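**Q** Protein chains in written order, with the working numbering: chain A, 94 to 591; chain B, 4 to 530; chain C, 115 to 291; chain D, 16 to 655; chain E, 14 to 113.
The reader is advised that the hints may include incorrect statements.
[Said to hold, decoys possible] To give a feel for the contact side, a few chain D residues facing chain E, derived at Cβ under 7 angstroms: (1) 132; (2) 624; (3) 636.
[Unchecked claim] Take a look, some chain C residues computed to stay more than 12 angstroms from chain A by CB distance: (4) 115; (5) 180; (6) 183; (7) 205; (8) 227; (9) 240; (10) 250; (11) 255; (12) 258; (13) 262; (14) 266.
[Claimed, not checked] Stretches of chain E that chain A covers, calculated by requiring three or more beta carbons in the stretch to come under 8 angstroms of a beta carbon on chain A: (15) 27-41; (16) 44-53; (17) 71-84; (18) 92-99.
Worth flagging that the hints you see were computed from the coordinates, not collected in a lab. Since the model is a prediction, treat every value here as computed from it, not as a measurement. By construction, the Cβ of each residue, glycine as well, lies at the ideal position given by its N, Cα and C atoms.
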Amino acid sequence: MSPFNLAAINFVWLPILPLVVITVAAMVVLLAGVRVDDGESEGLGLLTLASLAVAFVFTLGILGQYGVAFAGAISIDSFSAFFDLVILIAAMFTVMMSLDYAAENRIPGAEYYSLLLFSVLGMMLMAAAGDLIVIFLGLETMSITVYVLAGIMRRNAKSNEAAIKYFLLGAFSTGFLLYGIALVYGATGTIKLGPIHDALASGAMGSNPLLLLGIGMMLIGFGFKVAAVPFHMWAPDVYEGAPTPVTAFMAVGVKLAAFAAFIRVFMVGFVSVGAQWQTVLWVVAALTMTGGNLIAVVQTNIKRMLAYSAIAHAGYLLLGMAAGVRSGPAILYYLLGYAFTNLGAFSVVIALERRGEVGNQISDFRGLAARQPLLAGAMAIFLLSLAGVPPLAGFVGKFYIFSEALHQGYVGLVIIAVLNSVISAYYYFYVLVAMYMQEGGVEVERLSARPALVAAIGLAALATILIGVYPQPYIASAANAFYSASGAAGVRSAALEP
Amino acid sequence: MNGGLLTALIFLPLIGALFILMQSEERAIWNSAFIFSLLPLALSFYVLAQFNPHVAEYQLAEQYDWIPAFGITYHIGIDGISLFLVLLTTILITLSLLYSGGGDIEKRPREFCFFMLVLETGLLGALLSVDLFLFYIFWEVMLIPMYFLIGIWGHGRKIYAAVKFVLFTMVGSLLMLVAILYLVHQAHVHFNRTSFDLPLLYQVPLTVTESRWLFAAFALAFAIKVPMWPVHTWLPDAHTNAPTAGSVILAGVMLKMGTYGFLRFAIPLFPTVAVEAIPLFMALAIIGIIYGALVAMVQPDLKRLIAYSSVSHLGFVMLGIFALNPEGIDGAIYQMLNHGVSTGGLFLLVGMLYMRRHTREISEFGGLWKRVPVYAAIFMVVMLSSIGLPGLNGFVGEFLIMLGAFLRIRLAAVFAVLGVILGALYMLWTYERVMFGPITRAVNETIRDLTGREIAVMVPVIALMLLMGLFPRPLISRIEPSVTAMLARVNVAQARLEHERQPNRLAALLPARHTPNREPEMAAAAR
Amino acid sequence: MPPFLYIFLGALAVVSALGVIIQRNPIHSLLALIATLMTVAILFIGEDAVVVGFLQIIVYAGAIMVLFLFVIWLLNLQVETGPTGHLALKFFGSLAAALLATELFFILAPPHLQVKFTHEPVGYGSLASLAGKLFTDYLVAFEVTSVLLLAAVVGSVALARRLPGTDDPRAARKAAS
Amino acid sequence: MTVEFPALALILLFPAFGVVFNLFLGPRYGRGAVNVVGPGVMFAAFGVATWAFLTLLAMPPGSALSVHLWGWIEAGRFHSELGLRLDALSGVMVMIVTGVGALIHLYSVGYMAHDEDFARFFTYMNLFAFSMLILILANNLLMMFVGWEGVGLCSYLLIAFWYTNPQYAYNGRKAFVVNRIGDAGFLLGMFTIVATLGAHGVWTLDFVELRNHAALLGGAAATAAGFLLFIGATGKSAQIPLYVWLPDAMVGPTPVSALIHAATMVTAGVYMIARLGFIYTMAPSALDLVATIGAVTAVFAATIAIVQPDIKKVLAYSTISQLGYMFLGVGSGAYASGIFHLMTHAFFKGLLFLCAGSVIHALGGEQDMTKMGGLRRKLPITFWTMFIATLAIAAVPPFSGYFSKDLILEAAYDSGHSWLWFFGVITAGLTSFYMFRLIFMTFFGESRVDSDQEHHLHESPAVMTIPLIVLAILATVGGWINLPNGLLWGDAFVRFLAPAVGAFKPIIEASPTSLSLVASIASALGIALAYLFYLRLPGIPMLLAWRLQDLYNLLLNKYYIDQLYNLIVTRPLFWVSNNVLNRAIDSFAIDGAADGAGLAVQTSGQLARRAETGNVQNYAFVYLLGALGIVAYYLFLVMH
Amino acid sequence: MIPLTYMMSLSAVIFAIGVAGVIIRRNILVMFMSIELMLNAVNLAFIAIGSRLGSMDGQVIVFFVMTVAAAEAAVGLGIIISIFRNRETVHADDLTLMRW
């Protein structure tokens with residue numbers, strides 16, 4: 094036995110070690126970047142990548158530990174670890190996409206990469222939060238940095254516009270979320286998730302107007318972050334205007350974090366009043382899927398199309414949430430597959446993109462298969478996965494969510510989702526049409542000069558296939574993650590909270 | 004020692020596909036593609052040799068855990084229903100590749116071979132899957148290569164056709180997915196076990212309403228694939244615009260997936276509903292037969308004409324299936340094979356013509372016999388097979404189907420024979436316009452007859468037509484045990500239905516049986 | 115807090131809040147906002163949130179609003195002239211906001227509202243109690259705020275800093291040649 | 016007694032070998048080889064057939080030779096095999112087909128001597144013989160159907176033999192399709208039998224089995240089956256209403272007309288009904304229908320034949336008419352009489368066609384009788400043989416036609432169909448009229464042949480005339496094997512066939528002599544009239560045609576039946592297919608609905624995207640609306 | 014003590030005014046000010062609820078909200094400046110480069 098009570102210390106600090114690493118890394122990058130020219134930021138990017146990797150390793154280290162830290166502010170469970178890992182992966186992919194992109198577009202590297210890291214910090218906090226304040230702060234940390242990231246190409250009018258739109262609506266939405274937190278606080282007397290869960294589980298709370306309105310307002314707030322219809326209007330514009338790596342980061346990282354918090358609050362915290370919010374989510378999910386897919390059909394800009402596609406996918410995820418707690422693992426699994434697929438798709442978009450937004454139109458993909466068969470092949474895999482074609486990750490995810498939803502009797506919603514999948518196939522396949530069956534399009538710059546991007550695309554494609562073909566371990570860990578949060582909420586409040 | 008035989012059969016083409024991706028020289032691509040299609044062909048004949056004709060159950064089965072979380076296993080097997088469809092697939096893929104290497108495919112041969120072989124994996128997988136999830140995966144997997152085949156190497160409105168093909172199919176198959184999930188859920192409710200294994204799912208007790216809806220979902224998916232009237236309109240576009248090999252596989256094998264689906268899934272899973280639905284499906288099948296033939300008759304485009312003739316022929320198959328007696332179903336399965344051979348052959352022939360003249364308009368031809376006697380003779384035989392001339396394969400199937408239909412609903416067979424008449428009418432008329440008469444277009448004067456390679460492609464087709472026409476017994480005797488086993492379920496359901504309708508008469512007719520009426524119990528359980 | 119004070123402050127807050135959105139001149143809007151913040155701060159104090167109330171005045175009204183003012187000056191913003199923009203949007207927007215207020219009213223109406231009422235402990239709202247909470251239960255949150263502020267600073271610098279050669283394309287071209 | 020006789024298969028194998036040889040090697044080895052192999056295989060088959068027939072003759076009555084090849088369609092409960100059976104009925108048929116067939120093949124060598132496509136021709140001819148022999152030798156109804164359709168195919172191929180003429184190709188298709196209509200009835204008839212007997216556990220179409228279990232069929236099913244099968248027969252044997260293809264079939268080479276459209280294939284319907292006599296006997300109404308259709312067709316076709324100018328058309332309508340006779344015979348229940356007439360008809364009608372072919376050959380393809388005349392001297396052998404055949408068909412004793420026609424008329428009368436008998440008599444008169452008209456117009460009177468053809472005129476070579484002579488002998492003596500009852504070996508043929516087809520049971524016993532007398536008078540009248548019109552007073556036909564213009568046109572245009580079918584069947588069918596089914600339903604309604612769904616998605620997408628105005632305040636407004644909705648929901652929850 | 018309903022109602026009204034401001038004012042700065050109004054309304058709700066619950070959590074949250082507001086202000090104003098530099102406008106309805 095060590096003379097020091099190492100166990101206790103470890104227990105307090107180890108869980109937030111990844112967070113600490115990220116924070117420190119952000120500052121280091123910032124300082125290191127002071128004298129780096131904007132066009133030569135690759136070094137900073139690699140530093141960022143390394144620190145993310147370190148955080149990834151540390152996060153792996155805390156996998157399997159359970160409990161709470163900092164008086165319940167931080168939850169230590171597989172749920173947070175799962176999301177942290179996926180968020181870190183998303184961040185690493187984003188960095189890999191950014192390496193050349195940032196340099197080419199003369200994005201200020203120090204700020205860019207440190208903001209990215211700060212953003213990751215916020216996301217990880219959201220995933221690991223144990224109370225509503227940390228969720229709120231994490232969300233703000235993430236959002237504020239992403240506002241900036243969206244507008245970091247300062248000379249680019251679209252980038253500016255994306256930033257201001259996102260910022261205004263984000264702040265607007267913050268008001269609603271906070272209002273919801275206030276009301277829930279009023280109804281339950283606490284802002285810690287564990288006690289909230291217990292308070293609600295004891296019953297007699299189901300018709301408290303404060304609680305109900307609070308749930309409603311929080312739904313609105315989270316609905317904005319996950320881009321659910323009708324709170325989605327920002328997404329297409331922001332996705333289009335933001336630098337593409339940031340778009341990817343938003344489409345994946347922000348969505349992951351938002352869902353992490355959303356799930357933890359609703360499917361864990363508010364689980365016992367599920368009847369009070371599942372109906373709303375039913376409608377929102379249906380609207381989100383349908384709206385996203387319908388508008389995506391008529392898009393000509395690939396980033397905008399992917400934005401609507403992301404909205405539609407949020408709809409499928411919300412369908413899972415609407416179907417209740419059993420779908421939790423399915424949502425997590427879906428998010429995993431979704432992350433890789435979307436990251437891959439955006440990587441390909443970046444590969445085609447050049448200054449002046451050449452390569453952002455779907456028509457720019459024409460004839461890609463003839464010129465760059467591998468790139469087109471990878472894109473095909475991502476698109477097929479997004480469309481839910483087996484045996485790719487996207488299919489198994491949909492399958493899982495629909496299956497669980499059906500098991501809980503949500504036949505109508507699943508049929509809506511399925512018909513939406515058909516619509517979505519139309520526009521995903523339209524890109525395939527452009528790539529494989531048409532002529533023209535833009536030339537792609539030498540891929541060999543961009544090894545990081547190629548690696549990102551390759552890894553994403555590999556993961557998309559692997560997660561789909563042999564989903565068992567991922568399903569298992571998703572289930573484990575979800576139930577660790579879901580189960581821990583009850584256990585923790587009994588054991589740890591005064 | 005059969006371990007892995009079917010797995011090898013399914014995945015050999017996939018390995019070949021990946022291998023081809025690494026080739027760059029065109030000749031090497033074609034050669035390796037051909038060799039990699041020969042391997043499964045050989046293997047499928049080995050499977051045929053290993054097949055025990057007296058067993059109704061799945062043979063050479065393999066089952067491994069795949070996704071235990073969902074109760075999904077990698078469960079494959081072969082039985083009489085799928086046996087010859089597997090052979091048909093391997094044969095047609097080989098012939099298509101042999102044919103396509105002869106100049107039909109002018110661009111991107113590597114991708115073409117890749118997609119053809121992936122398609123083969125999808126087709127074989129769908130035929131051999133016993134697990135519904137596995138089946139669904141292969142079912143969708145075969146969609147994608149075909150989409151590319153049509154879209155990249157097609158002609159005319161190829162993109163429209165490809166997208167239409169995918170969307171039509173997806174509407175059906177996704178609703179089927181919902182039905183599968185629901186069914187599995189019910190299995191979970193009743194057996195407390197999540198499983199996609201078909202034999203288990205056969206036993207799931209369902210309420211009448213449930214099974215009707217589920218059947219409808221399955222039936223829609225398969226009906227689109229078949230395609231039955233009125234969800235057939237993707238077919239003419241897909242066929243017409245696809246490259247020759249695509250049309251061959253599409254008509255030869257892929258459409259059979261729909262009818263196969265009825266036999267393997269829709270009917271045995273929901274036998275009661277199937278029996279109830281006999282009049283509806285027979286009516287649709289007959290509409291398809293007559294409608295397809297009449298519309299085929301007035302098509303100006305050769306491939307479009309053949310496409311509509313497929314609607315007509317597949318109508319026969321559906322008629323046989325929904326006769327729900329061994330004659331009808333044997334005939335239907337046989338007709339599936341026939342249609343694969345004869346329509347596949349027709350598409351190959353039209354492809355050869357297209358390669359020479361770059362048009363498929365019937366009015367562009369005329370008097371070809373004089374210039375291309377060999378071609379004309381082969382065309383004649385294939386056409387006769389298609390219109391069901393006795394002695395060739397088509398007749399055996401049509402006869403059994405109509406006999407089965409007659410035994411079920413007499414009027415149905417009366418209408419079906421109209422299809423036989425019309426079939427002769429439009430096929431012969433087409434032949435007449437293409438081959439007979441004087442040569443009206445100067446370009447046709449210089450058209451050249453078949454090359455050795457093309458003859459090599461067609462000889463096996465002709466041989467199959469003769470063999471299957473004269474010696475159907477070895478095939479049907481292998482098909483039949485599985486059909487009988489499937490029909491046993493239907494018969495029980497039918498007896499139950501009759502029992503409900505006319506309790507007194509049935510009690511008098513039948514000896515005491517132990518098939519208790521489970522509907523009330525189920526209703527109680529549902530409550 | 116006596117009821118009349120509440121009524122007075124409430125009315126003041128509402129009126130000044132309306133002022134924010136009605137004034138044509140951004141400066142006037144800003145002044146109205148500061149008035150609202152002040153009024154709300156007094157309400158905070160009336161609700162025994164003394165420290166927070168003062169923080170509101172010092173930090174919020176004092177510091178943040180000055181930032182706004184700076185920006186208004188920097189951008190040299192003028193009075194909005196005439197009814198511009200989308201009138202229908204303004205009309206329906208106001209209507210919807212009013213509807214929202216109405217709905218909230220009904221939900222928060224007295225017969226529904228139930229809070230687990232607890233008497234305030236001794237020292238409620240004091241600096242000590244606030245600090246105690248901040249550095250125990252909310253330690254992580256507190257630390258995060260610091261990071262958040264840092265990130266915000268980095269962000270605003272990233273957006274607003276003027277770098278020769280990169281911001282101005284002409285300068286960049288000159289530097290390159 | 017049934018004996019396994021494997022050599023029966025040889026009868027099929029010889030023509031089959033001919034097919035394969037001519038198809039693959041014929042073009043390579045050239046005319047000489049084909050000319051040997053084509054007819055050679057038929058003579059070989061004839062030899063085997065003779066051997067088999069003699070074997071059968073040596074066996075007790077009711078015996079049969081058989082060979083079982085292999086199980087064919089065996090599915091579910093139904094089973095049928097490929098197997099051959101030679102009994103008295105099929106024995107007679109095989110003899111006719113191989114014998115007459117061999118002669119006509121031989122004749123073809125000469126007839127096709129100048130055609131490039133001789134190999135293809137003999138391929139088809141051998142294939143036809145092969146199919147016809149399957150039809151005849153089949154031991155079950157299903158296999159018979161194989162031959163049934165096979166001969167239809169060969170008929171199609173041979174009618175369209177000179178395919179470069181679009182009209183010929185059309186006629187070939189017409190023949191096939193019309194036959195298919197009949198075949199549809201045949202199929203349904205088979206199904207009726209299988210389904211009915213199947214209910215009693217008999218799942219086969221084997222003739223012997225059927226015969227043994229015929230009683231299980233019951234009257235209704237037998238009637239239905241008989242009726243449906245007869246539809247098949249009307250198609251194949253060109254009876255009303257499906258006769259329309261046969262006159263058009265005359266565009267094929269003349270040996271084809273002789274073999275297929277006169278001697279063998281078209282008689283398949285008669286053979287089928289005789290073969291299934293045991294079913295028809297149970298279905299009197301079906302049998303009545305057969306007799307009625309036969310008699311009506313006989314008169315009907317004969318009336319058309321009297322005005323046709325085309326020598327082959329006359330013979331074609333004559334064939335239809337004679338086939339009507341045969342149906343009248345079998346429809347009266349006297350199956351043997353039908354078969355007897357079938358046989359004699361094969362001799363004399365085959366001969367008539369071959370002679371016509373010889374004439375046409377000599378005239379370089381001319382078929383119009385108004386451009387012939389006076390050929391008697393130029394083509395002596397042709398003339399004499401044709402004259403004999405005409406005497407036979409005109410039922411002049413002692414030529415073969417006399418005996419067979421008499422037998423049929425007698426049966427018709429005896430079976431109670433006195434009206435049909437009357438029809439038969441009328442037909443007899445018409446027959447002799449138009450046949451002698453043909454002879455007179457072709458061989459007598461002034462030559463109307465084109466002058467440049469005139470000096471090419473020559474008698475056909477020996478390879479063509481020898482078959483003519485052989486057939487002429489047969490047409491003369493062929494009827495003697497069944498002399499009237501009580502005369503020498505009277506009724507030998509009928510008695511020989513009786514075990515196979517059953518004996519005729521008359522209802523009325525009329526005096527055969529007086530009946531025969533009436534028919535003979537009618538024939539004589541016909542001959543006299545023809546003599547009057549076409550040799551004595553050639554102006555009369557013109558006058559009549561002018562006076563009775565409407566009637567003449569009606570007959571000349573074959574009662575406008577082709578046009579009628581065109582108007583009520585073919586054209587509406589195409590119109591509906593093209594405009595209603597293809598355009599309105601398929602392209603517009605169904606495809607329109609599918610495309611419309613896609614368009615609806617596109618349009619709603621276009622509409623929905625209008626909400627994305629780009630103005631952030633609009634976004635906030637939409638956001639607010641959503642929030643309002645959700646808050647309203649919770650307000651609703653609170654209120655309740 | 015003032016009844017909670019009153020405080021909450023006041024907060025609701027200010028919140029709605031803020032919401033209205035965001036939608037009807039096209040000047041981005043004023044929109045941002047309206048958002049600050051919303052945040053204040055929420056703060057008021059936190060304080061009022063907290064004092065009735067007798068829990069300090071409400072006040073702590075308000076503290077954090079203020080911090081966040083400051084951070085938002087910094088970033089938001091930065092974005093506004095950057096926009097103004099590029100486009101010479103602070104009107105929301107001028108920023109419709111991306112739409113549909």
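**Q** Against this structure, judge whether each hint is valid.
**A** Taking the hints in turn, this is what the structure says about them:
1. 132: violated (69 angstroms)
2. 624: holds (5 angstroms)
3. 636: holds (5 angstroms)
4. 115: The claim stands: residue 115 of chain C keeps its Cβ more than 12 angstroms from every Cβ of chain A (closest is about 19 angstroms).
5. 180: Label holds. Min Cβ-Cβ 19 angstroms, cutoff 12 angstroms.
6. 183: The claim stands: residue 183 of chain C keeps its Cβ more than 12 angstroms from every Cβ of chain A (closest is about 19 angstroms).
7. 205: Consistent with the label, residue 205 of chain C stays out of reach of chain A, its closest Cβ about 19 angstroms off (over 12 angstroms).
8. 227: The claim breaks: residue 227 of chain C does not keep its Cβ more than 12 angstroms from every Cβ of chain A (closest is about 6 angstroms).
9. 240: holds (20 angstroms)
10. 250: violated (6 angstroms)
11. 255: violated (5 angstroms)
12. 258: Non-interface label on residue 258 of chain C violated, nearest chain A Cβ at 5 angstroms vs cutoff 12 angstroms.
13. 262: Its Cβ does come within 12 angstroms of chain A, the nearest being 5 angstroms, so this is violated.
14. 266: violated (6 angstroms)
15. 27-41: This one holds; 5 residues, not fewer than the three required, reach chain A with a Cβ under 8 angstroms.
16. 44-53: holds (count 5)
17. 71-84: holds (count 7)
18. 92-99: Per the Cβ count (6), the hint holds.
In this structure, the earlier hints numbered 1, 8, 10, 11, 12, 13 and 14 are contradicted, and the remaining ones agree with it.
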